[in-house]
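Let chain A serve as the given structure and place chain B on it in line with the hints.
These protein sequence lines map, in sequence, to chains A and B.
Here the numbering used here is used: the first residue of the first sequence is 1, the next is one more, and so on.
Here the numbering used here is used: the first residue of the second sequence is 191, the next is one more, and so on.
Just so you know, these hints were derived from the structure itself, not from any lab.
Note that the structure is a prediction, hence the values are computed from the model and not measured.
Don't take every hint at face value.
[Stated by the list, open to error] Calculated cross-link-like contacts (lysine-lysine; reagent style DSSO-like; alpha-carbon spacing at most 30 Å): (1) Lys89/A with Lys565/B; (2) Lys192/B with Lys83/A; (3) Lys192/B with Lys127/A; (4) Lys83/A with Lys8/A; (5) Lys201/B with Lys89/A; (6) Lys83/A with Lys565/B; (7) Lys176/A with Lys192/B; (8) Lys193/B with Lys183/A; (9) Lys154/A with Lys179/A; (10) Lys183/A with Lys127/A; (11) Lys176/A with Lys127/A; (12) Lys193/B with Lys187/A; (13) Lys201/B with Lys9/A; (14) Lys179/A with Lys201/B; (15) Lys193/B with Lys127/A; (16) Lys83/A with Lys179/A; (17) Lys565/B with Lys154/A; (18) Lys179/A with Lys193/B; (19) Lys89/A with Lys154/A; (20) Lys89/A with Lys193/B; (21) Lys192/B with Lys154/A; (22) Lys127/A with Lys201/B; (23) Lys193/B with Lys176/A; (24) Lys154/A with Lys193/B; (25) Lys193/B with Lys83/A; (26) Lys176/A with Lys154/A; (27) Lys127/A with Lys89/A; (28) Lys179/A with Lys89/A; (29) Lys192/B with Lys179/A; (30) Lys192/B with Lys183/A; (31) Lys201/B with Lys154/A; (32) Lys201/B with Lys187/A; (33) Lys201/B with Lys83/A; (34) Lys201/B with Lys183/A; (35) Lys176/A with Lys201/B; (36) Lys8/A with Lys201/B; (37) Lys89/A with Lys8/A.
[As the list claims (entries may be wrong)] Covered, in the sense of this in silico footprint (three residues per stretch, anywhere, with C-beta under 8 Å from a C-beta of chain A), are these stretches of chain B: (38) 192-201; (39) 212-223; (40) 450-460.
Each residue gets a CB set at the ideal place from its N, CA and C atoms; glycine is no exception.
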Amino acid sequence: MCLNSGMKKLDEQELARYCSQGDRMAQDELYRRYAARLETLCRRYLGDEDEARDLMLETLVQTLDRIGTYRYIGEGSLYAWIKRIAVNKAINRLRRQRWRMVPLDPLVHDDIPDPSEEEMEMVPPEKLREWIGALPDLRRAVFNLYCIEGHSHKEIAGMLGISERGSTSVLAKAKKQLKEQIKDYLKTLD
Amino acid sequence: MKKWEEIIREKIDEPSGNLPESVFEEFHARLEAGRSAAGGQAGSRGAKRRPLLWALAPAAAAALAAVLLLRQPSAPQDAVQVAPQSAAPVAVTSTPIDPVQSIESTGPTDPVATVRTPRFVPHPIVPDVEMQQPEPSADDTESIISAEPAEETKEAGPSDEAADIITPEPIPAVSSFKPEGPAAKPVTMKFAPAAGIVAGGGLLAAILVPLLESGLQMSANTLPANDFTFDGGRWGAEPPDMSDRPLGGYEHHPALFKGGLSVGIPFSDRFKIVTGLEYSRYRSDFGWHFSGGTTVGEKRQVVRYLGVPLRLDWSLARNHMFDVYVGAGAQADYCIGADLIDSRTEEAHRIDAVGRDGFVFSLLAAGGIQVNVNKLIGLYLEPELVWTGGKPTKAEENYYPWYVNGLLPGPDNTKLQTYRTEHPFMFSVSTGLRINLGK
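So here's chain B without its partners, still in its complex pose:
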């Protein structure tokens, strides 16, 4: 009993009817257009060809020829050595099947051999086997044997092979050249794609960080000078050289940069799990002044986190180049370092802030677009909403600016204050490279 799909296949394969005459005329017109475009031949539609590709093809062939011609063999015996030819050029056929070229003899003692196409890739010569090659000279027109294993010459008919090979010296019994086998396969660069991905991600980060830092102002959180309160319990250590009472200061969290390397693992046509590594960089500016009206200090803080997101993405629309999606999930960030820079002197102090706040957990909601470089790799741009829990307590919020986020010695361990702590619910843009597994 036939399956219904087989019946469909049989039924619809027949043509639905005769084509109108106009289609036949259009067929002729296209053939003529192709002929005139190709100079009288039955050519294809030239408009579809990409000129750049056709220009690249001879360039690639020229580059390959240059490499082959200029390549220096690792050992003199590795290469096929060509004897200088006589004045009369030898006409050879370009038949690829037959590697043996014709030989013209210019005299009984001066045979001229043309270039032989080596059949095997020669291995480095065995040290105890000597290949005695005649030194080529201006008058020397004798041929030099090419890379032929002894077994090959034995197997071939002596009338066929010997006539083409003219050796000034007897051939050793054991040839130093071995046929190409599995061991001669070129080493595959398995690590190159991974290295390329990491390098690409790092390059992307290196390019975007200064761009974002210089221009993008995500928000300004400038507190009025009198918002700092003195609750009596938070003085802690006195700042050095301070005679005035502190009046206040400001916090400014201008820029946030996020970038990373991501892996997408599809488990259906629409859904995929996205994870990876995300680097985020929070910059904050702090300043404080005292009753004398003097700005005591301005510090710039840069805190770096490394996070692992875990998100479920839903693909809304895609083709082979683009993928538009939305997703939701969570992320855990870990502080990997922080710098405190004096804004006036640009003197930087690398502070030991690794793991300062432990893991910082966030909830994510993202939408994004991915541009597929190839089947495996894509570049993504993801605007996302992030909510970070664990807002500092009131007491922690009222730290005094000369602690500068607790990085200076203080009585408490205060949490690192960044854009995220000031804005637990924030909007950011993430970008990077994504590896698409399972495609």
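Chain A extracted, bound-state conformation:
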């Protein structure tokens, strides 16, 4: 039997168990299953490709280090657990390494209408990733945590060390910036 194909058929619980036993093929399988998605997530938070790749590898290594503490609670729980590790690491990097220049622009008044479902279908995912990655650090982090991960402003404030009011304000700016880019892109298609 080909061991590789056997590994591919493992469910998350068994995969985690083999990984915790130090099975190298299981560890490779873990990489094959989740590395690409994880790197995409890391790029959403860090923006830079090299940093995102470094964070992804760091996350996988730490995941294997702690795999013994993982508890299977359903399908998809392994990736959710790995994703949480990656997000926490990304937030810590942002908090540790970056000064946040408080923007000097006046308070945001968002008068741009939200893009419709049809308009959003015309925007390719690569463009969305590129625009999100190009957001300033804080806006990118708040947008990811609120709109993608579903955290509340209170939770985001605690994670990033800002006020709730600040989180709301930063999210509004991030949304406005993205909507402007979406509108500009849609104009080029016309």
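Same frame as chain A, now just chain B:
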């Protein structure tokens, strides 16, 4: 209809593409590095660990163990009493779920009980309930009951519980030990942080005052000896033992210290209101001499103010540790005391100068940096420009030095002369503790 954010979430969650093979190789390399660092296990990157924290963890555990072992119970019945064991050690499992340890019986009449993990925190014994405990002795290997309420033993299966509990005396119907409830919660030290803040601010002030006073020379305002004029109307009371006409003197305002306790109240991501209490200490040296060329007197004046600033700060840049800001506002100061010290004899006179000049108002412009100790507290250092209104009038400026700022009896009530009155527009450095509300 889906919101545009939901559509983004769906679209970008998929991976952008396959990763190059080099990334897979790097993954292997990091795993190998982790294994070799951890001695063959799939370890993490050791370089990221902080050795000091790992050294502190066993130290903290040892300290906690020492406290638990050495802690003397308030009453003898409070503690779980362990009977001296027989020579044969009892192997026990370390399963945290099961507090009941195994019991080995060394004989039909000499059961040996191991240490029981108490399930409840015992309250002080009720005086009318006696727990008759056997006195432990060298030959006594009987166990002593642990802190189990009577209800607990009733609820548990008699075959499970009774087998583990061997009591030399019958248990009272009403147990003196009660399960831990809300009343047993430890008292929270709510005042400790506030006390710490006040103590910290006072300590900071106590450390900085002598440092600044000894070295820092903010300015020297030494007047030429003949700048004192005699306008005829300001002699007032004659100084004692004076036969010569006064020629002049000097004023010297060397050092200014400001420190305080501040509260920052943010109302947006960039702006916050800052207020609090600020202590400022003005030192001035005065001397005068007369026509005979003799320096008559030299006095040192120390005036203390307590002020309340009100400022609007604008945060320029910050991260979780530092905050750089600028601000503007106003401050009201109130004199809380003054001392007049003879520079030769060091004899000090505490002068009743409280509220001497009423409230002294200033306008402020400050820039600063705040180092955040934690979410709530930060240490700040603020160079600031201050303009104080109400410069003394010409007549008041020409007071004679033996009035020494009006603190000696004189015909008028002259204003306290300090560095601030001589330099209404001045530069100072303020430092202290700030409590960050709303974070």
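Margin query: Of all the hints numbered above, which does this structure not satisfy? Sort the numbers upward.
Written below: Checked against the structure, no hint fails, so every one of them is satisfied.
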